[in-house]
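Chemist: Dock chain B against the given chain A, drawing on the hints supplied.
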Amino acid sequence: MSDFLKLDRLTLGYGDTVAVEGLDFAMQPGELVALLGPSGCGKTTTMRAIAGLMTPMGGTITLDGRDITRVPPNKRGVGLVFQSYALFPHLTVFENVAFGLRLARVARAELTQRVDTALAATGLLHLAQRLPRELSGGQQQRVALARSIVVEPKLLLLDEPLSNLDARLRLEMRSELSRLQRELGIAMIYVTHDQSEALALADRIIVMRDGRIEQSGTPDAIYERPASVFVAGFMGFENTFVIHNGLLAGIAPIGFEVRDAVGLAWRPHSVVLGQGPHRGTVAGASYLGQVVEYLLTTPLGDIKAEAPASAPRHAAGDTIAFDLPEAGVVRLPRA
Amino acid sequence: MRISGNILLAAVLLFLIGPFVIICIAGLSAGETLSFPPQGLSLRWVARVFQVESFRNAFALSMTLAIGATLAALVLGIPAAYALERYRPPGAEVIRNIVTAPIVVPGIIVGLALLRHLVIPTGIGVTVALFIGHTALLVPYAVRVVSASLVNLRPDIEEAAVMLGASRLGAFMKVVLPNIRSGIMAAFIIGFITSFNQVPVSLFLSGPGVTTLPIDMMFYMEFNYDPSVAALSGLLALMSLAVVMVAEKVLGLSRYV
Numbered sequence: 001m002s003d004f005l006k007l008d009r010l011t012l013g014y015g016d017t018v019a020v021e022g023l024d025f026a027m028q029p030g031e032l033v034a035l036l037g038p039s040g041c042g043k044t045t046t047m048r049a050i051a052g053l054m055t056p057m058g059g060t061i062t063l064d065g066r067d068i069t070r071v072p073p074n075k076r077g078v079g080l081v082f083q084s085y086a087l088f089p090h091l092t093v094f095e096n097v098a099f100g101l102r103l104a105r106v107a108r109a110e111l112t113q114r115v116d117t118a119l120a121a122t123g124l125l126h127l128a129q130r131l132p133r134e135l136s137g138g139q140q141q142r143v144a145l146a147r148s149i150v151v152e153p154k155l156l157l158l159d160e161p162l163s164n165l166d167a168r169l170r171l172e173m174r175s176e177l178s179r180l181q182r183e184l185g186i187a188m189i190y191v192t193h194d195q196s197e198a199l200a201l202a203d204r205i206i207v208m209r210d211g212r213i214e215q216s217g218t219p220d221a222i223y224e225r226p227a228s229v230f231v232a233g234f235m236g237f238e239n240t241f242v243i244h245n246g247l248l249a250g251i252a253p254i255g256f257e258v259r260d261a262v263g264l265a266w267r268p269h270s271v272v273l274g275q276g277p278h279r280g281t282v283a284g285a286s287y288l289g290q291v292v293e294y295l296l297t298t299p300l301g302d303i304k305a306e307a308p309a310s311a312p313r314h315a316a317g318d319t320i321a322f323d324l325p326e327a328g329v330v331r332l333p334r335a
Numbered sequence: 336m337r338i339s340g341n342i343l344l345a346a347v348l349l350f351l352i353g354p355f356v357i358i359c360i361a362g363l364s365a366g367e368t369l370s371f372p373p374q375g376l377s378l379r380w381v382a383r384v385f386q387v388e389s390f391r392n393a394f395a396l397s398m399t400l401a402i403g404a405t406l407a408a409l410v411l412g413i414p415a416a417y418a419l420e421r422y423r424p425p426g427a428e429v430i431r432n433i434v435t436a437p438i439v440v441p442g443i444i445v446g447l448a449l450l451r452h453l454v455i456p457t458g459i460g461v462t463v464a465l466f467i468g469h470t471a472l473l474v475p476y477a478v479r480v481v482s483a484s485l486v487n488l489r490p491d492i493e494e495a496a497v498m499l500g501a502s503r504l505g506a507f508m509k510v511v512l513p514n515i516r517s518g519i520m521a522a523f524i525i526g527f528i529t530s531f532n533q534v535p536v537s538l539f540l541s542g543p544g545v546t547t548l549p550i551d552m553m554f555y556m557e558f559n560y561d562p563s564v565a566a567l568s569g570l571l572a573l574m575s576l577a578v579v580m581v582a583e584k585v586l587g588l589s590r591y592v
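Respectively, the protein sequence lines represent chains A and B.
Here our numbering is used: the first residue of the first sequence is 1, the next is one more, and so on.
Here our numbering is used: the first residue of the second sequence is 336, the next is one more, and so on.
Keep in mind the hints are simulated off the structure, nothing from the lab.
Please read all numbers here as calculations on a predicted model, not as lab measurements.
Be a bit skeptical, because a hint or two may be false.
Computed Cβ-Cβ distance ranges for the label pairs, DEER-style [said to hold, decoys possible]:
| hint | chain 1 | residue 1 | chain 2 | residue 2 | range |
| --- | --- | --- | --- | --- | --- |
| 1 | A | Glu95 | B | Asn559 | 56 to 66 Å |
| 2 | B | Gly426 | A | Thr17 | 15 to 25 Å |
| 3 | B | Met508 | A | Gly58 | 32 to 42 Å |
| 4 | B | Leu450 | A | Leu131 | 47 to 57 Å |
| 5 | B | Ile430 | A | Gln28 | 19 to 29 Å |
| 6 | B | Ile438 | A | Thr11 | 43 to 53 Å |
Among chain A residues calculated to face chain B with C-beta under 10 Å, some are [as the list claims (entries may be wrong)]:
| hint | residue |
| --- | --- |
| 7 | Asn74 |
| 8 | Lys75 |
| 9 | Val78 |
| 10 | Leu101 |
| 11 | Leu103 |
| 12 | Val151 |
| 13 | Tyr223 |
The C-beta atom is built at its ideal place from N, Cα and C for all residues, glycine as well.
With the rest of the complex left out, here is chain A (with noise of 0.2 Å):
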């Protein structure tokens, strides 16, 4: 079958240097894929192309069956929600919504049931008066995001969209966004370097590395056996080594089958304390309620433990035996 969007062989950069090199990617209607990767992986940069605002060096982009490529901007039905909101600072709550409609000349009684409708849908209603530097954070983010809803883009892009809220606005409105993304049933791209947010809103993660994919997968596939060493520490996986000569890195005899994995990793709460063949010194304990959480200056590098806060504490400073086991061990088969 025919995909929504497709990425061929994209690659982009500014002058002499590529930030994204021979990118391939595909993406289905109503799908939730989110670019997850640390800051200068070239996601923003893939975001930025797929709007248009950037030309690719070399490769095809192609919507709903129509080569995009060279298509400006403006005439891509490609919408894009700012980091930094972007609203227009003369301009109320309404005009600003209404922008997009304006331009492309709806007729008045259909503008204003179309702007009001966006506005209700992300709790605008009665701010609509307003201008943007009276709105806090979290309505500001709103108005990025009716404005570009309301134009029923084909494809919506998000860049860091809760990136400049706070921790509690951050929860709202992401499930906010898997409410709006399921009502409006759109496709939509989401910029993050926050794991977590990837996997709570995605479809499906697409982790970028040095401007390549690193790993795409469901956020379960992902979360649970990432490709590489990298991807691992990506999601949240504390400890992480690689193999060199049969050892774990390089040092510690492993004791079960690595079969052809060039790295492995433990979380926190698979390292067993108190027990095991290594050994290592209690750098420093934090209570986190439910758990104690250690990090040990070992021979293979730090490691963070978890351990429940029954069990006996260990100061720091204090010299302990710990177990790498099996049972918790994710293989990796990249670096």
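Modeler: Below, chain B without anything else, positioned relative to chain A:
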């Protein structure tokens, strides 16, 4: 300390405003010659101002010139300021310094240079020369004042407008211009007053029958030492004052200068 401070303040104010007050009073004189204190008070010289034909012509030229040259300077200056601010071309700082040089260079040099190297070689008309000279003089103000308001405007709102269907030009007209409107108004007022009060450049570029108001007043005084020049000066000062006060009230002009 406090008293000596107040005395200093009064001295400075007297120094700044004194001449203006003296000119206004001298213009209300009933006598035949320019003098202070005036010989009696009357409005006859104020009325006389409106009867001198050369004043009327020169006023019309100065008005036309001030408005025309300021508009031209904005037409050149707004895109220049925009380009310098948004695209940061190589050597932007050098370009900015060259563009704003006429603020630093004495007007008499600008006037002489324009006369010697533009008017004489090309033989263009005096009115055109005045227009070019004044425009060149005002572009720096336009660039600087408009730049100041562009700095505070996020560049991504233009991209936002484009993503909503606007062309690049449309984004500029609908999103950039409305947000720098007060800067443009401020540049217009500064340009208007600068042009209207301009002497050195106009002096070199005036010609027979074509003089701006300040130059015409100088010529008039060479032959007629009556209080009408003082009356006219007072009227002009009041006009400038009114413009600046309205601008401050409406735009907060002092933020830009």
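Chemist: Against each hint, give a clear statement of whether it holds in the structure.
Modeler: Outcome of the hint check:
1. The hint said 56 to 66 Å for the Cβ distance between Glu95(A) and Asn559(B), and at roughly 59 Å that hint holds.
2. Here the CB-CB span from Gly426(B) to Thr17(A) is close to 22 Å, well matched to the stated 15 to 25 Å.
3. The hinted range of 32 to 42 Å is satisfied by Met508(B) and Gly58(A), whose Cβ atoms lie roughly 34 Å apart.
4. For Leu450(B) paired with Leu131(A), a C-beta distance near 51 Å keeps the hint of 47 to 57 Å intact.
5. About 50 Å separates the C-beta atoms of Ile430(B) and Gln28(A), a value inconsistent with the hinted range of 19 to 29 Å.
6. For the pair Ile438(B) and Thr11(A), the beta carbons lie near 47 Å from each other, so the given range of 43 to 53 Å is met.
7. Contact between Asn74(A) and chain B, as hinted, is supported at the beta carbon level, the nearest pair being about 5 Å apart and thus within 10 Å.
8. The criterion of a C-beta within 10 Å of any C-beta in chain B is met by Lys75(A), whose closest approach is roughly 8 Å, and the hint holds.
9. Checking Val78(A) against chain B by beta carbon gives a least distance of about 7 Å; that is within 10 Å, so the hint holds.
10. Satisfaction of the interface hint for Leu101(A) is found here, the shortest Cβ-Cβ separation to chain B being roughly 9 Å, below the 10 Å cut-off.
11. Checking Leu103(A) against chain B: minimum C-beta separation of about 4 Å stays under 10 Å; hint holds.
12. A cut of 10 Å between beta carbons decides the hint on Val151(A): the least distance to chain B is about 6 Å, and the hint holds.
13. Interface hint at Tyr223(A): violated, since its Cβ lies 32 Å from the closest Cβ of chain B, which is beyond the 10 Å cut-off.
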